[in-house]
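Trainee: Since each chain sits alone in its own frame, please combine them into the complex, following the hints.
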Amino acid sequence: MKRPLLSVEKLSIEFGQGSESKRVVDDLSFTLNPSETLCIAGESGSGKSLSALAIMGLLPKMARVPEGVILFHDEDLVGLSERRLQHLRGREIGMIFQEPMTSLNPTMRIGDQMLETVRRHKLATGAGAHKHIRDMLEAVKIPRAGDRVRQYPHELSGGLRQRVMIAMAMLCQPQILIADEPTTALDVTIQAQILDLIRELQAEFKTAVLMITHDMGVVAEMADKVVVMNQGVVEETADIRKIFTSPDAEYTRKLLAAVPRLGTAPTRVPQVFGEPVLEVSNLRVRYPMKSQGLFAPAREVMAVEDISFTLHQGETLGIVGESGCGKSTTGRALMNMVDFEGDVRVMGTNIRGLKGAALKKQRQDIQMVFQDPYAALNPRKNIAELVGEPLLIHRRGTAAERERRVAQLLAQVGLPEADAMTRYPHQFSGGQRQRICIARALALNPRIIVADEPVSALDVSVQAQVLDLLEELQKDYELSYLFISHDMAVVERLCHRVAVMYSGRIMEIGSRDQVLRNPRHPYTKRLLAAVPVPALDRKLTPAPLDETEAPNPIKAKGHVPPAVRYEQPEEGHFVAVSV
Amino acid sequence: MSFPTVIRNLCRHKSVAVSLVLIVTVISVAVLAPWVAPHDPNMQYFDGLTMEGAPLPPNDEFLLGTDLLGRDLLSRLIYGAQTSLIIGIVANGIAILIGTLVGVSAGFIRGWTGTILMRLTDLMMAFPALLLAIALAAILQPSIWIVALVIAMVNWVQVARVIYSETIAISSREFIAVERTLGASTLRILFSHLLPHLLPTIMVWATLGISTTVLLEATLSFLGVGVQPPTPSWGNIIFESQTYFTSAFWLVLFPGLAIILLALSFNLVGDALRDELDPSLKGRG
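Line order of the protein sequences matches chains C and V.
Okay, so the first sequence: first residue is 338 according to this note's numbering, each after it adds one.
Okay, so the second sequence: first residue is -5 according to this note's numbering, each after it adds one.
Just chain V, with the same shape it has in the complex (with noise of 0.2 Å):
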């Protein structure tokens, strides 16, 4: 199947249609921001706050209002997507890879290997993570792939857990028996015939993975160990701001709003493309 045709079956359905136009949309704007963005997202306007130095609520010259030390809301938001959208894609992205390897590895190979690996898995995951990333934020300098590179890290254990139990339920299905019968290599199961029973919770994990991460990077951010201030991001918009969350509202409110529409965006697209990629569920009868 094409990607054209892909593309149109998805849009199909409305709710998938518009999660698509949201994504790109959010995706060039994160790219084009110099250009976008109405003002410096770093520039403290004296202007942005009033006379007692509270933050504005939005109006004409900040669309959305400003934050604590006047900025714009909306130009860091439009950078801040830069940063939420590397960490959510990338930052997940590397997780599921290391999870799936593991979790594949060592459903499909069992024996010591698998016990070891799951071992290994078990031990992440008995480790705070919180923990872990900020023990690896403080050894390594921080910058955005670092920040991507920890979450990623930690993200990965629950990934493998999944991916290994369903990698044991699909293997011992009798069509990989069947596979064996006929001579078939371990990489052509692995690659041709479990990989895409797997594809549904992979892309599950992925777009659910999307807004976890988002929040985790705010979480590193707000302790101090994530992306560094002054650069914006969605999660460091909100934990900056959560104490005046009942003065100015904006300042959560849209960040918020931002990083929900995104998560459900993906998941929506996930659910659709999952379905899409399923034979089985096409042609009934």
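Pulled out of the complex, with its shape left as it was, chain C reads as follows (with noise of 0.2 Å):
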């Protein structure tokens, strides 16, 4: 057998010094050969990324290495010299990040700062490094690389900066590739060109793929060789077949289970729901822009247009969508945080333009559970004084009332604990945050809640926890939830009607089974698609990377865009024509 690449010997991570050190890796060993790729699976806090900056060389500084070897060739580089490293990176080791926009310099037009490399690594000069620059760009497909040089990193999409970083890793045609979390970022239409296009440059140059990914769609779709840890600790290291046929760990198998996967949820007896609780009709957002100038003609964002649905009682209506789509600012529309036109009406009152009194009134039958439950909790104050807050707002009940509302909430989110009360928020873990979330919006019996993306700062296995208390949540008080989220699988486990956005506007909408499983529209058929599937054998076939962008959003101030007509191809499924 052919020496490795890079082979990764019992390599622990520290963190701190002496008795108050805490070990974050602990004996992770590993071989990548050359055209081969690893992925490195696990949640957060299994110490994946730590692993790749290690190899790097980019550990932290209070982090040590206490014990291992990282064998590149023949040499170790655990102690190496930074010259030696700043060498390698780049040249030898090239790495992408999670978020492209703030690995590049917003400063910088793009050609501009991949000359920078260029020229450190002395690959070529003078008219050679600007082809060279070109070439690379037209290798990871960037439509009019020629243009793009010149260009600052904000005006390109997602996707497109992705493809820069890619670029940019490749210029010196590394034989290692550390790509952390490469799409975890982008929408999934994107995903699905990004991974397509990582496995084309690897085929073409031979280079080996260390792949960091929470997601088992991304394994299956990328890797040779899987290794799963969690905590720090190596549970599996398995061939990619082995993992999803046979695991040996427990911890994979569990892995497994919890994600949730598309097209596996049971086809549903179509329900009788109660009354309309939410009725939304025409609704159209727009944000206003800066003027270009004194005289220019005002503008605007249209960030929903024209969209209508109704929610009944213990419904759940998802909308789904890719960023930009809208879905956020519809959920904002509702609950009254963005000015809209068209009528939204919850439990029949129209809520456009009410304020004071009667805002506060309508507040209680509609809550919102945010995507971010780190964000959503003001960290100064303890979980008794955040979950009790609405009730201290609405005034309802005495002091001793309201504490034994709380307990009552928490007991109902799955937080018992009876010395949770007079915690803070740093001290939970991020699922135990969202049930707080969930408890507070809870607080003051609403009809409806309004969850934009709630689970999509989670875990898989701590994200079907959650959806599962959502489920039974619903049963109890009979809620209907306004769920908004990217991801098409959780969308079909929770949903009973889905709705699918695209530019501001309901492309199609109908029962659940309806449209994941008979999608009519094009966009919701390359959205499903796209959708990595954690099984062997169902690589994607993203499709071809189309020039045309979404629609240009920013129109003239009272630009009317000619009204969506719907087509009706079964009861209750509505599809949109000619857009």
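Calculated pairs, EDC-like style, for lysine to aspartate or glutamate (alpha carbon to alpha carbon, straight line, at most 20 Å): (1) Lys468/C to Asp484/C; (2) Lys718/C to Asp269/V; (3) Lys478/C to Asp524/C; (4) Lys718/C to Glu270/V; (5) Lys697/C to Glu168/V; (6) Lys718/C to Glu168/V.
Among the chain V residues that face chain C by a calculated CB cut under 10 Å, a handful are: (7) Glu168; (8) Ile170; (9) Ala171; (10) Thr175; (11) Ala178; (12) Ser179; (13) Ser186; (14) Pro190; (15) His191; (16) Leu193; (17) Pro273.
Keep in mind that the hints were calculated from the coordinates and are not lab data.
Since the structure is predicted, the reported quantities are computational estimates derived from the model, not experimental observations.
C-beta atoms are modelled at their ideal positions from N, C-alpha and C, and glycine is treated no differently.
Mentor: Put into structure tokens, the structure is as follows:
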């Protein structure tokens, strides 16, 4: 057998010194061969990203490597001089990160940033350097590469930015490409394209890819070998086939079971729901833009354009779509957090323009759960104060009654510990924090809960628990959910009806089985086809990169676009035509 | 959390405990000045000067030496503490109050109100602070309270700017949006959710401001529009004698030390208090 390109042996990483040190990675070993893809999979806190940083010699200052070797060819990267590491980085080992916007320098043109790398590693000079950059941008299939070099990062879409990052990492044609969650911040259709691109480049340049991911779908899509990590410990190292067919570790089995899989939810018998609790008709949200000049015409961003739907008691309506489609803005409009046009009736009352006491009263019927439970909780308040806050605002009961209610709410969301009340948000895990947010939203006994990506920030195993909780609460209280999400599998699991949004409009709406099992609109089909499936031999075939980007949502003030016409192929299933 | 617990927690750090003792000492000495001071601060002692008329270095009779007019430096420092503390605490307190009010209103309300408030702040900032202080002090009859007011009028501007940007940053955080969806009133959001997050910044400015205000008072006194002689203040003692620095170092050294130590103590206590009041820095893990 030939020698591996990279071999990590018994690697440990510790934080802190002496007795207070904490081991965050313990006894990690793996080998990586040319042209091979190894995925390190694990949930947050598993130490997967730190392991990648250790290979690059980029560990934070507080971290130490007490044991282990990282052999690249015959050189041990642990304890190598910074000078030597700088030489290896970029040239022999390239890295791409999760968030392309923060990894690119926003004040430099794309071409200049790439030129820096070319010069640093003395790849080419003068016209040769520029040609090399253009070739690489073309290799990552960036359309109109010649123009892009003069653009700044903010002028590119997220997908294009990640392509630029990959192009930069590939400039020296490194032997190893480390990709730390390279597609996590991207929409699914873009993710499919980027994964495909990495595979192609790998075949072309014989690069070994070390991919860090939490997404078992991505693992199935990319990996040859998999290392499953949990809390710094390697649970299992095996061939991709073994991981998905007969995993040894209990943890791997649990992880795979927790992943929501699109197309596995049982077919639903059509249910009959109660009264409509939320009726939205012709909702339109526009954000005014700063005028370009004193006499320039005023412009607006059309965030949501003429959408209508109804939500019944006890029902969950999912709104799915990619970033920028207007799904979150819709949620914010329903909460009266942004100005809107059109009718939004909550329990029969039109909430448009409500103010003061009337608005406060209406808030009792509709509450919201946000994506990031940490950001949504004031870090300086303890749990009793946070969950009791709505009761205090609406002057419900005495102090003692409120305390009882808070305890009851915490028990309902599965946080029965007596001392939870006096603790602060940072002392809880992500899943527990989201439970706290749900308890707070439930405090006033609302009829409707708008949930904006409530499980996107959570690990899959925790995600499943929170979804279970939401379902349970719905049964107990006949709650209605408006569930906003980009994750098709989660939507399939929870929702009774689904609306697909694109560019501020609803493209298709109907029962879950109608929309997800029998999609009519081409956009819905494309969206569904791009979801990576955590199963073997189901590789994605992404749609070719089309240059037609989403329609420009910036329009002159007062612009009225043509109304969308809907067709009704089945009872309750509406599909937009001519857009 | 009760007051005694806070004090006890603060005293866990030696440097903070020392600072607290120092602040309490300075305050008590200032309050008890007539009983503590060994001499009359304004008395020009005949034996307080050398035969050539130069100030005396520290000796048995005048513990910290004498100044140019033969007055006892220690007594002047003790009485000067009154002035400096009033300026440092009152002037600075008013400045922080105005600055916070303007900054929070502008940052939270935004729109036209915010724009007007912040442009006003910019205007004040563009105006030379010293010139403004001189003008104000010239119009109003100089007294220590007027000086304090003048200093406050000059110093609130920076506070307002910093608090303004902090307010914008905090009010765009999601938990503030959550409060709105819960139906919380603006006042509730301001006092219950925004102010606690501004507290660290306010604390830093309050403690840093003490040294700058004491020095600004010294400048004003030097220009003749501050505390009127013969009333001593730490600042005007330094300024009166700065030309004699090489021949009579004690005249600058001791009041200078007093200012530095007091400012440092306030800074240390301020920092510790800020950490103490932030629950997310405790019980991590």
